[in-house]
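A.B. asks: Residue numbers (the working numbering), protein chains in the order written: chain A, 1 to 251; chain B, 1 to 251.
No lab work stands behind these hints: they were computed from the structure. A few of these clues could be false.
As the list claims (entries may be wrong) - To give an idea of the interface, some chain B residues facing chain A are shown, with a C-beta separation under 7 Å as derived from the structure: (1) Ala46; (2) Asp128; (3) Ala129; (4) Tyr226; (5) Lys230; (6) Ala233; (7) Leu236; (8) Asn237; (9) Ser243.
C-beta atoms are modelled at their ideal positions from N, C-alpha and C, and glycine is treated no differently.
There are 2 protein chains.
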Amino acid sequence: MEKIESIQNKQVKEWKKLLTRKGRKKQQQYIIEGAHLVEEALKANASLSHILIREDKVAEYDHYISKETVLISTEVADELSDAVTNQGILAILNINESEESLTLKKPLLMLDEVQDPGNVGTLIRSADAAGFEGVIIGKGSVDLYNPKTIRSAQGSHFHLPVIHADLYDWTEKLKQKQIPVYGTALDDRAVSYQMIKTPKNFALIVGNEGNGVHPDLLKMTTKNLYIPIKGEAESLNVAVAGSILMFALYR
Amino acid sequence: MEKIESIQNKQVKEWKKLLTRKGRKKQQQYIIEGAHLVEEALKANASLSHILIREDKVAEYDHYISKETVLISTEVADELSDAVTNQGILAILNINESEESLTLKKPLLMLDEVQDPGNVGTLIRSADAAGFEGVIIGKGSVDLYNPKTIRSAQGSHFHLPVIHADLYDWTEKLKQKQIPVYGTALDDRAVSYQMIKTPKNFALIVGNEGNGVHPDLLKMTTKNLYIPIKGEAESLNVAVAGSILMFALYR
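Starting from the given sequences, assemble the full structure and let the hints guide the process.
C.D. replies: Quick look at the structure:
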């Protein structure tokens with residue numbers, strides 16, 4: 001079994017770049033951390049490049065040892081980990097995205113410039129739990145493969161397709177297929193989500209934490225929805241709002 | 001106007017302690033940061049001890065200058081700030097909690113050992129938006145006055161009473177007053193939230209991120225609810241689950 005001890009190792013330097021969006025885009029790989037996610041990746045038959053096990057954890061994780069396993073030193077584990085305390089197991093996965101993975105048979109969630117990785121991950125987890133078909137992350141949003149997004153998604157991106165694509169193109173495409181696209185907005189032209197009867201198949205767009213869905217995109221939607229607010233809060237957290245809508249609209 | 005330049009200043013050292021739970025408990029004060037929260041505190045007539053303005057921000061924040069204002073150096077601002085980049089304005093507020101602030105005329109949210117400050121803050125924000133009367137934070141939960149909780153609550157704790165109290169005592173008390181208390185659980189004895197008709201007044205308990213509501217507490221409730229999960233996700237984020245329930249149960 002290969003063993004890497006130094007953070008100066010060329011392969012480690014390449015993996016380290018996967019902690020940045022640029023590095024992930026170039027190498028078409030990403031890192032996951034922790035036994036739970038590695039387990040989910042294996043269960044989902046995700047395309048695996050390497051499993052990295054810290055040398056002091058070999059006994060604990062011996063069931064993960066295969067030809068893709070590399071032993072790493074504590075120093076290398078710390079170098080590649082995004083967590084405050086790493087669990088001593090990481091994996092390098094290949095990015096495999098395909099728009100064809102969306103069959104348009106169940107609802108879709110679309111994210112327009114959602115900036116916080118915790119929000120994006122939580123929305124993916126909720127879309128999974130709500131039984132949605134998939135998630136489309138638009139330009140300007142934080143990406144799925146950000147380590148913090150992956151952590152918040154808790155493995156749900158292995159359960160349903162999550163792709164990065166243009167939301168304007170997709171909105172057009174869905175409307176052409178007679179699939180309604182609902183934006184979310186606080187303006188006068190929006191209707192309460194409690195007032196509409198949703199069909200079995202639709203798409204829901206949630207937007208940026210501060211600015212919501214882009215006005216140009218809201219103009220293209222079938223309808224725009226809002227959640228009536230009773231108290232004095234100005235708005236809801238976007239992951240909360242998106243989740244309330246997914247569970248209320250798709251039963 | 002008083003001006004404090006050194007982090008060795010005795011007052012600064014006392015304020016610094018407010019970043020810890022122990023310090024807040026002892027001094028019965030807490031720190032808020034940023035113009036938005038200071039504005040909300042003033043609007044709500046929160047009990048204010050001091051407004052701290054960084055010297056380079058005096059012109060920008062001159063409308064906040066009063067007898068409670070203290071000018072501080074950049075060094076002091078950094079010392080007291082929990083944010084990555086501080087906005088140059090903070091306030092020291094007095095903690096004023098009273099169980100009598102809850103009149104039991106509208107629903108209550110109760111938090112049992114919720115650990116993540118972002119989740120507690122988001123739940124307070126959602127409770128505000130859902131029109132709930134107040135929030136009770138049980139023992140073992142992160143406290144309201146944690147700077148990260150305050151940040152996630154986005155000022156909602158100024159809009160509705162948030163108190164720290166014993167959830168077992170409160171569950172008893174509410175039941176004695178014929179106010180139903182709903183726990184949340186994933187076990188067999190729980191019923192889908194979609195299957196119940198809630199009265200105008202009730203309490204909802206959400207629990208720890210990993211373990212849910214404590215089994216002893218679940219035994220005391222009127223009924224325990226769950227959110228049916230359609231996909232493969234094992235669970236929902238607690239702030240999401242609590243918010244879905246608040247909005248669905250109280251319309």
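A.B. asks: Hints first: check each against the structure and report whether it holds.
C.D. replies: Hints versus structure:
1. Taking 7 Å as the C-beta cut-off, the interface hint given for Ala46/B is violated, the closest approach to chain A being about 14 Å.
2. For Asp128/B, the interface hint holds, since its Cβ comes within 7 Å of a Cβ in chain A; the closest pair sits about 4 Å apart.
3. Taken as an interface hint, Ala129/B checks out: its beta carbon lies about 4 Å from the nearest beta carbon of chain A, inside 7 Å.
4. A hinted interface residue such as Tyr226/B counts as satisfied when its beta carbon comes closer than 7 Å to some beta carbon of chain A; here the least separation is about 12 Å, so the hint is violated.
5. Hint status for Lys230/B relative to chain A: holds, with the closest Cβ pair at about 3 Å, below 7 Å.
6. At about 4 Å, the closest approach between the beta carbon of Ala233/B and any beta carbon in chain A falls short of 7 Å, and the interface hint on this residue holds.
7. Because the beta carbon of Leu236/B sits about 5 Å from the nearest beta carbon in chain A, less than 7 Å, this interface hint is met.
8. Evaluation of the Asn237/B hint against chain A yields a held restraint, the C-beta minimum of about 5 Å falling below 7 Å.
9. For Ser243/B, the interface hint holds, since its Cβ comes within 7 Å of a Cβ in chain A; the closest pair sits about 4 Å apart.
The earlier numbered hints that this structure contradicts are 1 and 4.
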